[in-house]
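Taken in order, these protein sequences are the chains called V and U.
Here the first sequence is numbered in our numbering, starting from 1 and rising by one per residue.
Here the second sequence is numbered in our numbering, starting from 1 and rising by one per residue.
Bear in mind the hints are in silico, worked out from the structure with no lab data behind them.
Just so it is clear, CB atoms sit at the ideal spot from N, CA and C, and this is done for glycine as well.
Incorrect hints may have been included.
As the list claims (entries may be wrong) - Once the Cα atoms are required to be at most 30 Å apart in a straight line, the calculated DSBU-like pairs of lysine-lysine come out as:
id : chain 1 : residue 1 : chain 2 : residue 2
1  : V       : K553      : U       : K191
2  : U       : K292      : V       : K329
3  : V       : K280      : U       : K292
4  : U       : K191      : V       : K239
5  : V       : K314      : U       : K191
What the hints assert, rightly or not - Among chain U residues calculated to face chain V with C-beta under 8 Å, some are:
id : residue
6  : N22
7  : I46
8  : N71
9  : F117
10 : C250
11 : S431
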Amino acid sequence: MMAVNRIRNVFQVPRKGETFELRSGLVSQYAHERKDAIQRTIMAMTLGKDVSALFPDVLKNIATPDLDQKKLVYLYLMNYAKSHPDLCILAVNTFVQDSEDPNPLVRALAIRTMGCIRVDKMVDYMEEPLRKTLKDESPYVRKTAAICVAKLFDLNPQLCLENGFLEQLQEMIADSNPMVVANSVTALAEIMHSAPETGALAITPAVLKKLLLALNECTEWGRITILTQLAEYRTSDLKEMEHICERVVPQFQHVNPSVVISAIKVVFAHMKGLNYEVVKTYMRKMAPPLVTLLSSAPEVQYVALRNINLLLQKQPDILSKEMRVFFCKFNDPPYVKLEKLEIMIRIANDSNVDQLLMELKEYALEVDMDFVRRAVKAIGQCAIKIESAKDKCVNVLMDLINTKVNYVVQEAIVVIKDILRKYPGYEGIIPQLCQSLDELDEPGARGSLIWIVGEYAEKINNADEILSTFIDSLEEEETQVQLQLLTAGVKLFLKKPQTQALVQKVLQTVTTKSDNPDLRDRAFIYWRLLSNDPALAKTIILADKPPITSTIKSLPPGLLEQLLSEISTLASVYHKPPETFVGHGRTGADALQKKALEEAQQNARENPIQAAAAVSGGKVTNVENLLDIDFDGGAPASASTPSNDPFGAADSAETSRVASPISGLSANPGGIQQPANNLDDLLGVFGSDGSVQQNNTGSGGSDLDILGGFGGMNLGGTTSPPPSQQGQQKPQMKNEDILGLF
Amino acid sequence: MLSGILLFNQKGENLIFRQFRNDCRPRLSDVFRIQVISNAQVRSPILTLGSTTFSHVKHENIYLVAITKSNANAALVFEFLYRLIALGRSYFGKFDEEAVKNNFVLIYELLDEILDFGYPQNTETDTLKMYITTEGVKSERAMEDSSRITMQATGALSWRRADVKYRKNEAFVDVIEDVNLLMSAAGTVLKEDVTGQIIMRAYLSGVPECKFGLNDRLLLDDTGLSRPNGNKNGSKATRAAAGSVTLEDCQFHQCVKLGRFDTDRTISFIPPDGEFELMRYRATENINLPFKVHVIVNEVGKTKVEYQIAVRANYGSKLFATNVVVKVPTPLNTATTQVRTSQGKAKYEPSENNIVWRIPRFTGQSEYVLSADAHLTAMTNQKAWSRPPVSLNFSLLMFTSSGLLVRYLKVFEKSNYSSVKWVRYMTRAGSYEIRF
Numbered sequence: 001m002m003a004v005n006r007i008r009n010v011f012q013v014p015r016k017g018e019t020f021e022l023r024s025g026l027v028s029q030y031a032h033e034r035k036d037a038i039q040r041t042i043m044a045m046t047l048g049k050d051v052s053a054l055f056p057d058v059l060k061n062i063a064t065p066d067l068d069q070k071k072l073v074y075l076y077l078m079n080y081a082k083s084h085p086d087l088c089i090l091a092v093n094t095f096v097q098d099s100e101d102p103n104p105l106v107r108a109l110a111i112r113t114m115g116c117i118r119v120d121k122m123v124d125y126m127e128e129p130l131r132k133t134l135k136d137e138s139p140y141v142r143k144t145a146a147i148c149v150a151k152l153f154d155l156n157p158q159l160c161l162e163n164g165f166l167e168q169l170q171e172m173i174a175d176s177n178p179m180v181v182a183n184s185v186t187a188l189a190e191i192m193h194s195a196p197e198t199g200a201l202a203i204t205p206a207v208l209k210k211l212l213l214a215l216n217e218c219t220e221w222g223r224i225t226i227l228t229q230l231a232e233y234r235t236s237d238l239k240e241m242e243h244i245c246e247r248v249v250p251q252f253q254h255v256n257p258s259v260v261i262s263a264i265k266v267v268f269a270h271m272k273g274l275n276y277e278v279v280k281t282y283m284r285k286m287a288p289p290l291v292t293l294l295s296s297a298p299e300v301q302y303v304a305l306r307n308i309n310l311l312l313q314k315q316p317d318i319l320s321k322e323m324r325v326f327f328c329k330f331n332d333p334p335y336v337k338l339e340k341l342e343i344m345i346r347i348a349n350d351s352n353v354d355q356l357l358m359e360l361k362e363y364a365l366e367v368d369m370d371f372v373r374r375a376v377k378a379i380g381q382c383a384i385k386i387e388s389a390k391d392k393c394v395n396v397l398m399d400l401i402n403t404k405v406n407y408v409v410q411e412a413i414v415v416i417k418d419i420l421r422k423y424p425g426y427e428g429i430i431p432q433l434c435q436s437l438d439e440l441d442e443p444g445a446r447g448s449l450i451w452i453v454g455e456y457a458e459k460i461n462n463a464d465e466i467l468s469t470f471i472d473s474l475e476e477e478e479t480q481v482q483l484q485l486l487t488a489g490v491k492l493f494l495k496k497p498q499t500q501a502l503v504q505k506v507l508q509t510v511t512t513k514s515d516n517p518d519l520r521d522r523a524f525i526y527w528r529l530l531s532n533d534p535a536l537a538k539t540i541i542l543a544d545k546p547p548i549t550s551t552i553k554s555l556p557p558g559l560l561e562q563l564l565s566e567i568s569t570l571a572s573v574y575h576k577p578p579e580t581f582v583g584h585g586r587t588g589a590d591a592l593q594k595k596a597l598e599e600a601q602q603n604a605r606e607n608p609i610q611a612a613a614a615v616s617g618g619k620v621t622n623v624e625n626l627l628d629i630d631f632d633g634g635a636p637a638s639a640s641t642p643s644n645d646p647f648g649a650a651d652s653a654e655t656s657r658v659a660s661p662i663s664g665l666s667a668n669p670g671g672i673q674q675p676a677n678n679l680d681d682l683l684g685v686f687g688s689d690g691s692v693q694q695n696n697t698g699s700g701g702s703d704l705d706i707l708g709g710f711g712g713m714n715l716g717g718t719t720s721p722p723p724s725q726q727g728q729q730k731p732q733m734k735n736e737d738i739l740g741l742f
Numbered sequence: 001m002l003s004g005i006l007l008f009n010q011k012g013e014n015l016i017f018r019q020f021r022n023d024c025r026p027r028l029s030d031v032f033r034i035q036v037i038s039n040a041q042v043r044s045p046i047l048t049l050g051s052t053t054f055s056h057v058k059h060e061n062i063y064l065v066a067i068t069k070s071n072a073n074a075a076l077v078f079e080f081l082y083r084l085i086a087l088g089r090s091y092f093g094k095f096d097e098e099a100v101k102n103n104f105v106l107i108y109e110l111l112d113e114i115l116d117f118g119y120p121q122n123t124e125t126d127t128l129k130m131y132i133t134t135e136g137v138k139s140e141r142a143m144e145d146s147s148r149i150t151m152q153a154t155g156a157l158s159w160r161r162a163d164v165k166y167r168k169n170e171a172f173v174d175v176i177e178d179v180n181l182l183m184s185a186a187g188t189v190l191k192e193d194v195t196g197q198i199i200m201r202a203y204l205s206g207v208p209e210c211k212f213g214l215n216d217r218l219l220l221d222d223t224g225l226s227r228p229n230g231n232k233n234g235s236k237a238t239r240a241a242a243g244s245v246t247l248e249d250c251q252f253h254q255c256v257k258l259g260r261f262d263t264d265r266t267i268s269f270i271p272p273d274g275e276f277e278l279m280r281y282r283a284t285e286n287i288n289l290p291f292k293v294h295v296i297v298n299e300v301g302k303t304k305v306e307y308q309i310a311v312r313a314n315y316g317s318k319l320f321a322t323n324v325v326v327k328v329p330t331p332l333n334t335a336t337t338q339v340r341t342s343q344g345k346a347k348y349e350p351s352e353n354n355i356v357w358r359i360p361r362f363t364g365q366s367e368y369v370l371s372a373d374a375h376l377t378a379m380t381n382q383k384a385w386s387r388p389p390v391s392l393n394f395s396l397l398m399f400t401s402s403g404l405l406v407r408y409l410k411v412f413e414k415s416n417y418s419s420v421k422w423v424r425y426m427t428r429a430g431s432y433e434i435r436f
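This is chain V alone, in the form it adopts within the complex (with noise of 0.2 Å):
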């Protein structure tokens, strides 16, 4: 008890001279005092106070026979050895010796802890030690002496290379142990990755079957190691993919939820070779352990949750017999939700549709907005991909319209939009819709409105009292609000000519009074097409729509396959290829020297928009500049300004974020597949969404106008404005997901 309220009393204040007070402590005659202060140290360490000024006497406890006492002083070493580089050399003898000492977990310690002391003179000592080390009888000491060498490598490749360390760590893995075989596969990963030049890690035959066979004994952590080399592994040979899939099928029973993914990944890359009987027993061998996932940890949940949509989009039957196992439970983390509600909808199909219907409608209730205007959305979703449930689903959709329930109601308006798309036949619904246009505030519902009145002028009689309601506002609409407005009030001449001064007025406002240039650009085409020939006008303006044939947002291609190699990483559950995200070489040499020029950039850094451009002059790329970028003002994320922020502006670079893309809508603007196919591709060169756009550009507005242009350029003069109005609609919600998530 005693013991316990001393620590207590280190969370304290510190008081005045507490440095002093550690200081005599450390240098008593009595160990425990030693061995008191020296925790004290640890703990004031640990709540960021420097104490580095105490490193001599701290040190002068390392030569001790307590394990525990030696850990804490390996640990304060560790921390504070590059504020004392010289001071380190004292410590090299103590090193040297316990490397040598008879108890292996004394080696061990001692061989871990000199790879982490990144001083110069440090590494020099190393040499010795570590080339003993690896061929330590101890298998314990060989496993921490493998990872040891890449903590060298990574301070120091020339001398790695030239000792010839990196030979001894590939013919460890031919060790009869298989946690050294894990380890020495896991440090030679680590080095190919950082420095490919060196050709650490080549998989041959006869690594494979070291791996495979090393595979069924090492630990949880080391099978995963060992699975993410052979799912990196490419191989032609049918014989080689046949047999690794059989030896890591069994895995799919481990415990550990992420071996069990990463299993998935194995078998995942190498059976496409293999005959599509062979495939399909695997696929569902598939099944079972993925569902199971789902009764995991939350977060691992989300983490194979996002992993399970995108095998799905590569083969979407896997999972089809398993709609139920995705219904929400009410207690579910509102990110687990959304992830699921994406799943349902892309395993439906005609046999489970009602069953989700259901379930959908009783989402709708809920209370958690985000959470509703997805479910309303799956709704719509459904009716595009099912056409056998478009009556149910429009029941539903106007049962919810009813509710009066605001969001609600906006949502499903957008929804409808497309399924009137789709499908004629539905006009009758619409003076219904027509009832709740007060209640519209968002420009999504409005300009969805807008556009329903535009396309069915002829069916609705007041169209023209409809729009001039909307009119008289014009100015004050969000852009894509008015561009719906103008291409409304254009469709609405064109059916009824009767409306002529209503079309009139639209288009002298926006030429005149908007300083927007794609607005005013598309009126003046638009005047000009109905002066010179009303007839062209009419094909033009009113042509046939490219049919929808879905508004599920799929990756493209090139982006999914690149994915599903990188299944369970962050960048699975980013849904965006790790460029986007990671620094580059983060630990080859020039990286460093680079880190250290980028250090110094930071700290001259005023704002984070002249970060960007310091950085842009190095090597870094530009996608990792746009990341770094603020966002605009009023993102919640970056309420922490350089002027109060209490950590300095060099931390600048870390306050633009990568939104975790919980609600999917993130993925793609391009709802239909068709036309907005270059826009994908296009963002999908950027390699990530509209946000980073968002943030280059620093403003919402002008963020829609290039995506509306690009929408302008590509349809204007061949279709009408649905498409070019997605392209508009969907990142202004992005933009508004993506900061409602924090």
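With the hints as your guide, set chain U onto chain V.
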């Protein structure tokens, strides 16, 4: 891989900061505090800022955060954090702020052992407890032991010591099932499944080889493996009648030889000493629901909600469930409630917006009823009530919802001792929800 592990309390104070790589800087703890802990709107467990990724898990009153700078294996990161929690619980009983503060030295020691350069190493609790202890291993004593310890920490049998001895050789098997149910307002079952665990406590000498047998349909049915899918469905009912159970999927402790299970579905293993989770399984067919719940809820005008809830026990009259708790959600603007029950006690808990009905002992085949009125206060904006589902909690001994039975547990050891085995079954409520 992992660049660092951070532990925070709810206030955002950094309790543990352990960096494993050079790219993990102390100021990252400030970033996490500001961006996640003090940001109420965070809804994702993963957050990437710049090129730094924070993956966090909340447990009791602490945050466990892993920092990565690369395209790390996200599933591994979270699983590792949960393993850290499990370790903490087995070391300190409870892994919360108090425990962390009182044991920070030990936690640093543990982290040093289970992660090297950010790569997870051996995380087996039993092995770690041999050389990382609360009392501190003295170097002299450790000297003789440590070679043995390190052999075990890295060996192919990393989970078992060779020299275990018991006077009486015993093995306890607990089959624990969580039954999940989601029932719609109309009374149709939307989702029912069972996730089960088999926990074993092995007190066996030497290096015993165990074989474990269940009434697994695929095993009992010789042709099961080669049978095409279509036929399987046809014979489901007959199989159930014959007393076998279909396991949708199973996972095993790392001691189980997965290769053997894959070829002939025998579960064969050399158990760790003491308690461990031998396997987990999932079943979705022929689930016996222990309770049938009938819910009628009427919203009378805007000021009153009437409840009629009947719970019927579907198991044999000799069994009884304990700690049955029925949670009945009430609207947020409930002012007072009147509750009548035929058994047990019911109480309105305003903080949770629930009427909580507790029945300490629920005998099989009996039926109990609760009727209640909730009186509502008037509200200016009548927001619709989201009607969360009624949920049940219970535990029921000697009953398995899936129908799973342990058929045998054979122990083979060189010295050929005889051993005593005990089996216990229990069914609990997982998420047992009834909508209304």
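* Checked against the structure, which of the hints given earlier come out wrong? -> Hints 3, 4 contradicted; others consistent.
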